[in-house]
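Quick note on the numbering used here: the sequence shown kicks off at 1382 and runs consecutively.
FYI, nobody ran anything at the bench for these hints, they're computed from the structure.
Do not take every clue at face value.
[Claimed, not checked] Pair ranges (Cβ atoms, derived):
hint : residue 1 : residue 2 : range
1    : Asp1593   : Arg1615   : 27 to 37 Å
2    : Asp1593   : Ala1504   : 32 to 42 Å
3    : Glu1425   : Thr1616   : 24 to 34 Å
4    : Gly1472   : Ser1653   : 45 to 55 Å
All values derive from a computational prediction rather than experimental measurement.
A virtual CB, placed ideally from N, CA and C, is assigned to each residue, including glycine.
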Amino acid sequence: MLLGRFVFGVLLPLVAIFVAVLAFSAVRRRSAPAASEERIATLEEQVRGLLYRVWTLEQASEEPRPRPIDLEQRIGARWATWVGVVAILFGIGFFLKWSFENDLLGPGARVVLGLVAGLGLLANGLLLHRRRDVPYLSEGLAGLGLGVLYLSLYGAHAVYELVGPGLAFAGMLAVTLLGAVVSVVSNRQITAVLTVLGGLLTPVLLTVERPDERNLLAYLLVLDVLVLAVARFRTWPALGRLAWAGSALLFAAVLFREPDSPHPLSRLALVSALFVLFLAVPLVQPLVERRRQAEIDLFLVVANAAGYFWAVYVTLEPWHPGAEGAYALGLAFVYRLVSADYAARVPDDEATVVVHEGVAWTFLTLAIPLALGGRWVTLAW
1382 MLLGRFVFGV LLPLVAIFVA VLAFSAVRRR SAPAASEERI ATLEEQVRGL LYRVWTLEQA
1442 SEEPRPRPID LEQRIGARWA TWVGVVAILF GIGFFLKWSF ENDLLGPGAR VVLGLVAGLG
1502 LLANGLLLHR RRDVPYLSEG LAGLGLGVLY LSLYGAHAVY ELVGPGLAFA GMLAVTLLGA
1562 VVSVVSNRQI TAVLTVLGGL LTPVLLTVER PDERNLLAYL LVLDVLVLAV ARFRTWPALG
1622 RLAWAGSALL FAAVLFREPD SPHPLSRLAL VSALFVLFLA VPLVQPLVER RRQAEIDLFL
1682 VVANAAGYFW AVYVTLEPWH PGAEGAYALG LAFVYRLVSA DYAARVPDDE ATVVVHEGVA
1742 WTFLTLAIPL ALGGRWVTLA W
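With the sequences and hints as input, model every part of the structure.
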C-alpha cells in the first residue's frame, strides 16, 4: 500500500512533469524568436575581431588527424583484446580449480598468488599505456588485473574465510582507489568504468549475516565522491551516471528489504549527503564551461529528486509521518534556488532551468496534501 501510494502519488507525477518539461523546452527552442539587431551587430563585431587575430597569427602546420577506426581494426584490436581477457580469466579460473582439487596450493598461497598476479597485470597495463601501437592491450591488462584482485579478495573472504568482512571490504576499497588512480594516469575511461563496477559490486559480493545500512551508505558516499572527482578531472560524465544508477539500485534493495530503519536519523543524514552530491556535482561542468547539460543528465535530475523523496517518505512514514510535507516544501525551495542561480550563470540553458523549476513546483504541489488535510488542500491548490 505504501509503495503504491508513492508510485501513483509521487513518482508518476514527477515523470509526467519531466516529459512535459522536455516537450515544453523543445517547443521553446523551435519557436525561439530571432536575435535582436543589436546582438547580431555585437556578434559580427566579435567575429571580425577574431578573424583579424587569426589572420595576423603565424600559420602553423596542422598535425595529422588520427585515422578513424574502421570495423576491421575494431574487431581485430579492441574486440579481440577483450575476448582474450575473458579467455585468460577463464583459463586462470580453471587452472586454480585444478590446483585446488589436487591440493597443490594451500588457501593462503592461492589468495597471495591471485593478489600478486592482479597487481602485476595492473602494473603492466599502466606501463603500456604510453605505447600507441598497443592501446587496447593496456586496457585489457588493466581490466584483467582489477578482475583478478577483486576475485582474490572475494575468495579470501567468502570461500576460504581467511579474512573477515571488514578487512575484505577495506581491501576492495583499496583496489577501487588503485583502479581510479590507474585510470586517471593512463587516461583510459574503460578502466575507470571497470573500477566503478567493481566498487559497486563489492557490497553485493561481501554480504554479511546482519547488514548495517549505515555502513553501506557511508561506503557509497565515499565511492561516489571518488568517482565524481575522477569524472570531473577527466571529463567523463558517464562515470557519474553509472555511479548514480548503481548507488540507487543498491539502496533501493535496502529500502525494499527493510523499509523501517532502526536508525532513521542516520539514514536521512547519509541519504541527504548523497542527494546533495548528485544534485550539485553534475551542474559544475556546465557552470564552468557555460554550456548546456545533456538530456540524459536532465533525466537524472528528476530521478535523483524522485529517488531521494521516496527514501525520505519511506523512512518518515512509520517514524514521523507529519514531517513529509515540510521535507517537500524544503525541497521545493532548494530546487527553486538552484534554478534561479543556474539561470543567472548559464542563461542559454533553458532546458535545465525549466526542469529544476518543474521539480520545484512538483514538490510544492506535493507538500500541500502531505502537510494539510480536508478542505484546506483544495483551498491551497
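Each hint, compared with the structure:
1. For aspartate 1593 and arginine 1615, the Cβ-Cβ distance of about 33 Å falls inside the hinted range of 27 to 37 Å, so the restraint holds.
2. Checked against the given bound of 32 to 42 Å, the beta carbons of aspartate 1593 and alanine 1504, roughly 35 Å apart, stay inside it.
3. Judged by the Cβ atoms, the range 24 to 34 Å given for glutamate 1425 and threonine 1616 holds: they are separated by roughly 32 Å.
4. For the pair glycine 1472 and serine 1653, the beta carbons lie near 47 Å from each other, so the given range of 45 to 55 Å is met.
No hint from the list above goes unmet by this structure.
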